[in-house]
Amino acid sequence: MPQITLQHVAFAAVALVTLGSAIMVVSLRNIFHCLLFLALSFLGVAGVYLLLSADFLAAAQVLIYVGAVVVLMMFALMMTHRVMTTDLSQTLYQWWLAPLPIALGVFVILFRVYVRHGGAVFIPHGIKTAPTTGIIGRALLTKYVLPFELASIVLLVAMVGAIILAKEDRPDDPD
Amino acid sequence: MIPIEWYLALSAALFCIGIFAVLSRRNAIGILMGIELMLNAGNINLVALARYMHPKLLTGQVFAVFVMTIAAAEAAVGLAIIISVYRNARHINVDKLNILKW
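Residue numbers (the working numbering), protein chains in the order written: chain A, 1 to 175; chain B, 1001 to 1102.
Excised from the complex, chain B in its bound form (with noise of 0.2 Å):
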């Protein structure tokens, strides 16, 4: 089988892409794809220790439906967020939003 160490290092990897992610991307809607990323990391880590530390009970399997539940709901709020965003700026750069800073 494989050694736990390499899924937690896999998702070690795509959870440090997806931080990038958020703090390079210019586009609003590219922050959403690394808050994405790092969601999927999460549900790596996971489902890879429930596995190996409870392979009866799935308990780690359940969260990960929470939690792909919550990232479903959180893509719809944030795209709304943002095309309600552009509707009034005209474009989603982050770095030219300041409307809220005075």
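For reference, chain A alone in the conformation it holds in the complex (with noise of 0.2 Å):
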């Protein structure tokens, strides 16, 4: 009989935060409310990243992904959609005859692949490394350098691209 600690309660809290927020993101009509979960359940896997000790990973999730990404998206919403007045399906009409076979599908595999195969190979054991944050630093100057700068120029032709993709091109524009 496992003995059930405060980490388990913690896991279950956060696990249920992130899928039930998942769910919802997939579930609810009005889109500026999905985003908004969607924010919630990456919250949720900040939670899941403190309990694998990552804690620079958890920070930096709050930072890109809260911080970042889903205020990008709600920009993009704002300009594309008009929020509050629209109450349209989101979801396409034969929803449930592909999606949902092929979603569960990958489930049953992934989950039989990590039971059967989980447990057996990998040993748990509780090494204390936070904080992670010194360790990651020197690991991406010394080791992963070259993808490090290569991260940097991806991002700096991703800036590029948006900005070009994303304005306006008047034909009446002298430059």
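No wet-lab data here; the hints were simulated from the structure. Since the structure is predicted, the reported quantities are computational estimates derived from the model, not experimental observations. Careful, some of the hints might be misleading.
[What the hints assert, rightly or not] As a list, the in silico SDA-like pairs of lysine to any residue whose alpha-carbon atoms are at most 25 Å apart: (1) A/167 - B/1072; (2) A/143 - B/1096; (3) A/167 - B/1098; (4) A/167 - B/1070; (5) B/1096 - A/30; (6) B/1056 - A/132; (7) A/143 - A/161.
[As the list claims (entries may be wrong)] Here are the simulated distance ranges between beta carbons: (8) A/113 - B/1093: 28 to 38 Å; (9) B/1055 - A/115: 20 to 30 Å; (10) A/20 - B/1070: 40 to 50 Å.
A virtual CB, placed ideally from N, CA and C, is assigned to each residue, including glycine.
Once you've looked at the hints, go ahead and assemble the two chains, each given alone in its own frame, into the complex.
Okay, structure coming up:
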């Protein structure tokens, strides 16, 4: 009989928040409410990172996803949609025909693989590594310095590309 | 300590919810939201496996940082494309967008 500790309770709460708000993301009709629940789901994932003693990643998750990606999506939504007046159906008409069996099938396959091969290979051991910021920073600037620089180039290209794609090109504009 | 299967099951469920969002949404922004959910599920997998296999190395966490970077870039470019499509078609319903089809 495994002992139920505070860690288990915390995991259950965090998993409930993450999965519950993710289900709200796919089931609500108003896309703006979906976006708010997406932010809540990202916060739940940050809680999962904290349980895995990845403190830097949890902070980065809150900053990047909740602070940047969701706000960016909110801007795009406001520009493309009459948010509060719409009550149209957000899903395709045959939503149960293809997406539901595909999603359930992938879940069954992943779950069977994990449960069958998970516990035999990985033995849990509780080594404290937090705070992880220094270790990650040292790894990024020594062993992974090339991917680090490439990621900065990718970000620069994405920024310039996004500006060019979203810029309105008027034919009568002199430049 | 929590068995690793719990984390993997959580990530599998999140991934499949993301797949469902990508396949069933009509709004293009909803599809992007599904993609972000799937990337988060992958990140949970990376961090959990790194934590249980090599708890001192943190390779999985470094990789998750890169995944976050690419996800942010992807969201920016994807939303710019959506805004550009909206400017031309006045809507972003993917079941009515057939400009590239002939």
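How the hints compare with the structure:
1. A/167 - B/1072: Holds. Residue 167 of chain A to residue 1072 of chain B sits at ~19 Å (cutoff 25 Å).
2. A/143 - B/1096: violated (47 Å)
3. A/167 - B/1098: holds (22 Å)
4. A/167 - B/1070: With Cα atoms ~22 Å apart, residue 167 of chain A and residue 1070 of chain B stay inside 25 Å; holds.
5. B/1096 - A/30: holds (19 Å)
6. B/1056 - A/132: holds (10 Å)
7. A/143 - A/161: Violated, at roughly 29 Å.
8. A/113 - B/1093: 28 to 38 Å: holds (36 Å)
9. B/1055 - A/115: 20 to 30 Å: Because 22 Å falls inside the window, the suggested range holds.
10. A/20 - B/1070: 40 to 50 Å: violated (27 Å)
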